[in-house]
Amino acid sequence: MRRQAGAAGPYLLVLPGGLWLAVFFVVPMAVMLSVSLQTGNVVDGFTQTFNFRIYADAVTTYETQFIRSLIFGLIATVATILLAYPMAYWIAFHAGRNKSNYLFLVLLPFFVSFVIRTVSWKFLLADDGILLGNLKDAGLLPADFHVLATSFAVVAGLTYNFFPFMLLPIYVALERVDPQLLEAADDLYANRREVFGRVVLPLSMPGVFAGFLLTFVPATADFVNAYVLGGTNTTMIGNIIQTTYLTNADYPLASAVSFILMAVLLIGIFGYARLLGTRDVLEMSAR
Amino acid sequence: MTQLDTPGDAGRSGDDRGHGGDLRAAALADPAMLRGLTQARFGRRGLLRFAGLAGGATLLAACGVSGEKKDSAGDDAASFWRDRTKAGTLDFANWPLYMDVGSTDSDHPSLDVFTKKTGIKVTYREVIQDNESFFAQIRPTLAAGKSIGYDLMVLTNGITLSRVMQLGYLAPLDHARLPTFAANASPNVRNPTYDPGNAYTIPWQSGLTGIAYDPAKTGREITSYNDLFDPKFAGKVGMFGDNQDLPNLALLGIGVEPAKSTPDDWKKAAAKLTAQRRDGIVRKYYDQSYIDALAGGDLWISMAWSGDVYQQIATGTNLKFVVPSEGGLLWTDNMCIPKTAPHPVDAISYMDFVYRPEIAGMLTEYINYITPVPTAAEHVPADLAKSTLLFPSADELSRVSRFRVLTTAEETEWNRIFQPVYQS
Chain R
1 MRRQAGAAGP
11 YLLVLPGGLW
21 LAVFFVVPMA
31 VMLSVSLQTG
41 NVVDGFTQTF
51 NFRIYADAVT
61 TYETQFIRSL
71 IFGLIATVAT
81 ILLAYPMAYW
91 IAFHAGRNKS
101 NYLFLVLLPF
111 FVSFVIRTVS
121 WKFLLADDGI
131 LLGNLKDAGL
141 LPADFHVLAT
151 SFAVVAGLTY
161 NFFPFMLLPI
171 YVALERVDPQ
181 LLEAADDLYA
191 NRREVFGRVV
201 LPLSMPGVFA
211 GFLLTFVPAT
221 ADFVNAYVLG
231 GTNTTMIGNI
241 IQTTYLTNAD
251 YPLASAVSFI
261 LMAVLLIGIF
271 GYARLLGTRD
281 VLEMSAR
Chain H
1 MTQLDTPGDA
11 GRSGDDRGHG
21 GDLRAAALAD
31 PAMLRGLTQA
41 RFGRRGLLRF
51 AGLAGGATLL
61 AACGVSGEKK
71 DSAGDDAASF
81 WRDRTKAGTL
91 DFANWPLYMD
101 VGSTDSDHPS
111 LDVFTKKTGI
121 KVTYREVIQD
131 NESFFAQIRP
141 TLAAGKSIGY
151 DLMVLTNGIT
161 LSRVMQLGYL
171 APLDHARLPT
181 FAANASPNVR
191 NPTYDPGNAY
201 TIPWQSGLTG
211 IAYDPAKTGR
221 EITSYNDLFD
231 PKFAGKVGMF
241 GDNQDLPNLA
251 LLGIGVEPAK
261 STPDDWKKAA
271 AKLTAQRRDG
281 IVRKYYDQSY
291 IDALAGGDLW
301 ISMAWSGDVY
311 QQIATGTNLK
321 FVVPSEGGLL
331 WTDNMCIPKT
341 APHPVDAISY
351 MDFVYRPEIA
361 GMLTEYINYI
371 TPVPTAAEHV
381 PADLAKSTLL
391 FPSADELSRV
401 SRFRVLTTAE
411 ETEWNRIFQP
421 VYQS
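First to last, the sequence lines map onto chains R and H.
To convert, note that position 138 of the first sequence is 138 in this note's numbering; the numbers rise steadily by one, no gaps.
To convert, note that position 169 of the second sequence is 169 in this note's numbering; the numbers rise steadily by one, no gaps.
Excised from the complex, chain R in its bound form (with noise of 0.2 Å):
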């Protein structure tokens, strides 16, 4: 390759992607905040009178979904961490040959519909279902008991739901560990839990990072397990700005609590890179 050519090289490499990016992704953001800033209706149209009073109207008047959401993301963060960890550890240690087998097998309910899966839970958790009833039947529950349209349904839900973007980073995070760390680590004489303490686990916290970034965004943003799983003081973020779209047809309303949300989401997730090495995180969420 030539010089010249190679000066432009890296230009002409991100061409494609920055344009993607451009045209479907910083166009229609232009959009969405000049609209969020717009007043009317749909008969009457919608004109821009750069409105910005409607930021401060939807952090009043959505303040218990806006906080509820984020709640709701963390916990089905850390309960994902929890769940994941240890998992992921034993396929990346002691599954062997077996190791793809193992990571199809968590991936495999994920062949189905996101919605599908969610639904199905409904059906499995319903108040006389084959769960319950059953349990019902036996006397070990009181009649009354129920699991759907509860805030616990809906965050097991979204733990479930997101159950892979937390096992799979961590899985790769451990899999790299070099196995002759361990081996200096038992040489040195450290006993088990301190090879995972001082060695395992450091070695692995990029994953855990990423997993969190790639889990946590979504979770907090969804409004699919909220509208088939929940009930009464549910309803999240998602769901919000889904009515107020969709249904309401308040263009400008929605496109401010949409902003509001991704300006909170940005803020933490800078606040969090900046805190943990920018590097680490984001390049474990690339992988």
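Think of the hints as simulated: they come from the structure by calculation, not from any bench.
For each residue, glycine too, the CB sits at the ideal point set by N, CA and C.
Watch out, some of these pointers could steer you wrong.
To be verified - The calculated SDA-like cross-link candidates involving lysine to any residue, where the alpha carbons are at most 25 Å apart (straight line), are:
| hint | chain 1 | residue 1 | chain 2 | residue 2 |
| --- | --- | --- | --- | --- |
| 1 | H | LYS232 | R | ALA56 |
| 2 | H | LYS267 | R | LEU141 |
| 3 | H | LYS217 | R | GLY40 |
| 4 | H | LYS146 | H | PHE80 |
| 5 | H | LYS217 | R | ILE130 |
| 6 | H | LYS232 | R | ASN233 |
| 7 | H | LYS339 | R | GLY45 |
| 8 | R | LYS136 | H | LYS272 |
| 9 | H | LYS339 | H | SER103 |
| 10 | H | LYS320 | R | ARG97 |
| 11 | H | LYS267 | H | GLU413 |
| 12 | H | LYS339 | H | PRO96 |
| 13 | R | LYS136 | H | THR317 |
| 14 | H | LYS146 | H | THR123 |
| 15 | R | LYS136 | H | SER398 |
| 16 | H | LYS217 | H | LYS339 |
| 17 | H | LYS272 | R | GLU63 |
| 18 | R | LYS136 | H | GLY280 |
| 19 | H | LYS217 | R | GLY133 |
| 20 | H | LYS232 | R | THR61 |
| 21 | H | LYS232 | R | GLY129 |
| 22 | H | LYS217 | R | LEU140 |
| 23 | H | LYS267 | R | GLY40 |
| 24 | H | LYS268 | R | ASP57 |
| 25 | H | LYS339 | H | ARG177 |
| 26 | H | LYS320 | R | THR61 |
| 27 | H | LYS217 | R | GLU63 |
| 28 | H | LYS267 | R | ALA56 |
| 29 | H | LYS232 | H | ASN318 |
Said to hold, decoys possible - A few chain R residues that face chain H, going by a derived Cβ cut-off under 10 Å, partial list only:
| hint | residue |
| --- | --- |
| 30 | ALA56 |
| 31 | SER120 |
| 32 | ASN191 |
| 33 | GLU194 |
With the hints as your guide, set chain H onto chain R.
Only chain H this time, still in chain R's reference frame:
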């Protein structure tokens, strides 16, 4: 990129109901029973939610389009219909499972009768899955004054239909061409609040919104809206999570006729609903899925659509449907002609044709909703004719109201009052 005017409003709860009729039932002995067993039920709202990105596409497409409100009332039916002649072709857009079927899925006996009697060939398409996404699809074409490829379409009374009328997209009807409608239509569907004088629409089928319950679980007969607030049923009560059925039934529940209601009434009705939720009585605000929850025991009592309950009863589920003493809601799917339709004369002759009692009977037998032609009862099997879900009694019909028709300004206020109820 500064202005925007996009459809994508949703709204009508009736959007999700499963329409009746199935081809397998046609060939078999006990149609009512089999229809119930084989019914496909469409969660139309559900589909819309998850396919919701379509709305986003519309938003972009509409970027830069301003409002285009027109005063349709000034349209003169006579001038629209002058010089229009029969073309011998009709393109009809309808909802799935909303037409009688013969030996095959594409065989529609009542359409064949129409073709035989009039010589008009019908291209029948079940392309409407829900009002708002269909409207989103056809709107740019209508706005450009071009034909959408259909001469006749079916839309539910509610926000979308009002919008289509406000935007001046519908052809005004020439009632001189609708003598059978004039002779046979039920008084309940004439001159509805959403379309005074049937200026743009006449009904296809209707349904009721009331209360369904499982008498074995509630332990008593349900008669009143207030039964939905009984603490004995705490956690077993279903309400609709929408901005039409829920608010309008709530208004009736506090003794206010929706059409005459004021924003103060809206707040009062919403406050009562909020208290119901706060006291833990409501399990969830449902869409179409309420009927499975009711049949499966998650709910004991719920707001409900008559057609769903009819289908459940046909499958042997022990449910009952009641129009509460405070009143119920009547909603209607309406036939209407886009102003740009290439064959409007054929469309209006079909609209009139389905008001023949024998044709209305053929449709009712398969659709299982409420026909606009009461005398169709003489043309259906006795068990269907007896069902008050298909042919509501005069007493029940005297107690039903229509949705509040909202101006666009009122709509915003209405939504801001009621949305926090069902999205808590």
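Evaluated hints:
1. H/LYS232 with R/ALA56: Answer violated: H/LYS232 to R/ALA56 is near 41 Å, above 25 Å.
2. H/LYS267 with R/LEU141: Measuring from Cα to Cα gives roughly 40 Å; hence the hint is violated.
3. H/LYS217 with R/GLY40: violated, 48 Å
4. H/LYS146 with H/PHE80: holds, 16 Å
5. H/LYS217 with R/ILE130: holds, 19 Å
6. H/LYS232 with R/ASN233: holds, 20 Å
7. H/LYS339 with R/GLY45: holds, 21 Å
8. R/LYS136 with H/LYS272: Since the Cα atoms of R/LYS136 and H/LYS272 sit roughly 33 Å apart, the hinted pair is violated (cutoff 25 Å).
9. H/LYS339 with H/SER103: Roughly 35 Å between the alpha carbons, so the hint for H/LYS339 and H/SER103 is violated.
10. H/LYS320 with R/ARG97: violated, 59 Å
11. H/LYS267 with H/GLU413: holds, 10 Å
12. H/LYS339 with H/PRO96: holds, 24 Å
13. R/LYS136 with H/THR317: holds, 22 Å
14. H/LYS146 with H/THR123: This hinted pair holds, its Cα atoms lying about 19 Å apart.
15. R/LYS136 with H/SER398: violated, 44 Å
16. H/LYS217 with H/LYS339: violated, 51 Å
17. H/LYS272 with R/GLU63: At roughly 22 Å apart (the allowed maximum being 25 Å), R/GLU63 and H/LYS272 satisfy the hint.
18. R/LYS136 with H/GLY280: Within the cut-off at roughly 21 Å; holds.
19. H/LYS217 with R/GLY133: holds, 15 Å
20. H/LYS232 with R/THR61: Violated: H/LYS232 and R/THR61 sit about 32 Å apart, past 25 Å.
21. H/LYS232 with R/GLY129: Holds, at roughly 22 Å.
22. H/LYS217 with R/LEU140: holds, 21 Å
23. H/LYS267 with R/GLY40: holds, 23 Å
24. H/LYS268 with R/ASP57: holds, 23 Å
25. H/LYS339 with H/ARG177: holds, 16 Å
26. H/LYS320 with R/THR61: violated, 39 Å
27. H/LYS217 with R/GLU63: Answer violated: H/LYS217 to R/GLU63 is near 38 Å, above 25 Å.
28. H/LYS267 with R/ALA56: holds, 23 Å
29. H/LYS232 with H/ASN318: Roughly 20 Å separates the two Cα atoms, so the pair holds.
30. ALA56: Result: violated, 15 Å to nearest chain H Cβ.
31. SER120: This hint is violated: R/SER120 lies away from chain H, its Cβ roughly 13 Å from the closest one there, beyond 10 Å.
32. ASN191: Because about 51 Å separates R/ASN191 from the closest Cβ in chain H, which is outside the 10 Å limit, the hint is violated.
33. GLU194: violated, 49 Å
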